[in-house]
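Hey, can you work out the whole structure from these sequences and the hints?
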Amino acid sequence: MKARGRTKKGATKGPSFGERLRAFFGLGDEPPPTEAASKKDGAKAGAADLLKRLRVIEIKTSHLANEQLSGSYSSVFRGQGLSFREVRAYNPGDDVRWIDWNVSARMNEAFVKVFVEEREMTVMLVVDASESELFGTRRASKAAVAAEICALCAFSAIRNNDRVGLVLATDRVEKIVPPKKGDKHVMRVVREILGHEPESAGTNLRVALETLSKVQKRRSVAFVVSDFFDHGYERALALAASKHDVIPVVIEDPRDAELPDVGLATFEDLETGEQVLVDTSDRKVRERYAAEMRKMRRDRDKLFKKLAVDTVTIRTDQSYVEPLRQLFAKRARRARR
1 MKARGRTKKG ATKGPSFGER LRAFFGLGDE PPPTEAASKK DGAKAGAADL LKRLRVIEIK
61 TSHLANEQLS GSYSSVFRGQ GLSFREVRAY NPGDDVRWID WNVSARMNEA FVKVFVEERE
121 MTVMLVVDAS ESELFGTRRA SKAAVAAEIC ALCAFSAIRN NDRVGLVLAT DRVEKIVPPK
181 KGDKHVMRVV REILGHEPES AGTNLRVALE TLSKVQKRRS VAFVVSDFFD HGYERALALA
241 ASKHDVIPVV IEDPRDAELP DVGLATFEDL ETGEQVLVDT SDRKVRERYA AEMRKMRRDR
301 DKLFKKLAVD TVTIRTDQSY VEPLRQLFAK RARRARR
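Take the sequence shown: its letters are residues 1 to 337, numbered as in the working numbering.
These are calculated hints, taken from the structure and not from any lab test.
Misleading hints may appear alongside valid ones.
[What the hints assert, rightly or not] Only pairs whose alpha carbons sit at most 16 Å apart, straight line, appear in this in silico EDC-like list of lysine to aspartate or glutamate:
1. Lys295 to Asp227
2. Lys284 to Asp261
3. Lys113 to Asp94
4. Lys243 to Asp171
5. Lys295 to Asp261
So this is what it looks like as structure tokens:
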């Protein structure tokens with residue numbers, strides 16, 4: 001597939017983002033456009049496909065949020081602290097540190113302050129919308145898996161009365177959705193992820209993370225969803241992690257780690273359009289590719305460990321529910337210590 005970009009005069013434009021997205025979702029090809037009427041029909045068909053996909057994701061992820069991850073989410077992501085609610089008479093065994101001395105002096109009786117947890121929290125979804133996310137060789141593309149993960153996190157958030165916001169980026173920030181509550185808002189966020197046609201093909205996580213730090217002043221839980229095929233974002237990630245609870249969600253495809261033996265093959269960079277002819281039957285070529293990918297993964301994991309951020313890796317050929325449940329369980333165990 002060709003990377004999306006500007007076309008020169010007289011050049012043939014490649015398939016649109018919507019066409020590629022439908023192909024990865026297995027929704028079939030659109031009929032070839034003809035005149036203005038055909039374009040209108042194609043737009044209606046595209047909208048219908050998008051609504052269908054949104055409905056499927058809504059049913060699937062809202063069920064998972066309610067039945068499988070609701071308890072884990074609320075126990076792990078707690079809130080910003082405690083807020084004062086009222087005072088009540090002192091009972092034996094109460095912590096003397098919470099005695100309200102002013103009220104006690106006026107009433108000639110001991111009273112203590114009562115606090116409640118500030119449950120409301122903000123969840124930010126920082127999503128990589130670059131062309132590399134369209135890659136996928138198994139169940140679905142990385143973009144499709146990312147959309148479902150974001151929907152699941154968003155529905156889990158609103159079930160706990162939290163707000164959800166979105167930063168959608170390629171090598172530039174292309175869409176920002178301010179945090180809000182409600183099912184309709186969550187569906188808007190998912191619709192933006194699914195239906196967005198990026199203006200650029202590249203990846204720049206540094207820009208996305210810097211934007212998160214700028215637009216979200218209060219501390220939030222930030223899920224950064226990407227394949228992390230980028231560099232130069234280390235400092236931006238460190239700054240974001242110092243302000244927010246950043247959770248990198250790494251999307252991987254089995255072919256990211258190993259090169260299959262298919263003889264001579266032409267590979268194309270989805271983001272730059274660069275093509276290269278590779279002899280995949282050469283064992284040394286496959287071994288070198290695997291070694292480079294292992295090094296990239298080691299460097300990335302080393303950075304996450306250095307910054308003490310929780311991370312989860314999700315494969316396109318496996319369920320994303322269990323990795324997320326394991327992540328929440330790990331955080332819950334650490335919170336109880």
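Hints versus structure:
| no. | hint | in the structure |
| --- | --- | --- |
| 1 | Lys295 to Asp227 | 15 Å, holds |
| 2 | Lys284 to Asp261 | 11 Å, holds |
| 3 | Lys113 to Asp94 | 10 Å, holds |
| 4 | Lys243 to Asp171 | 23 Å, violated |
| 5 | Lys295 to Asp261 | 21 Å, violated |
Violation of the numbered hints given earlier is confined to hints 4, 5; the remaining hints are satisfied by the structure.
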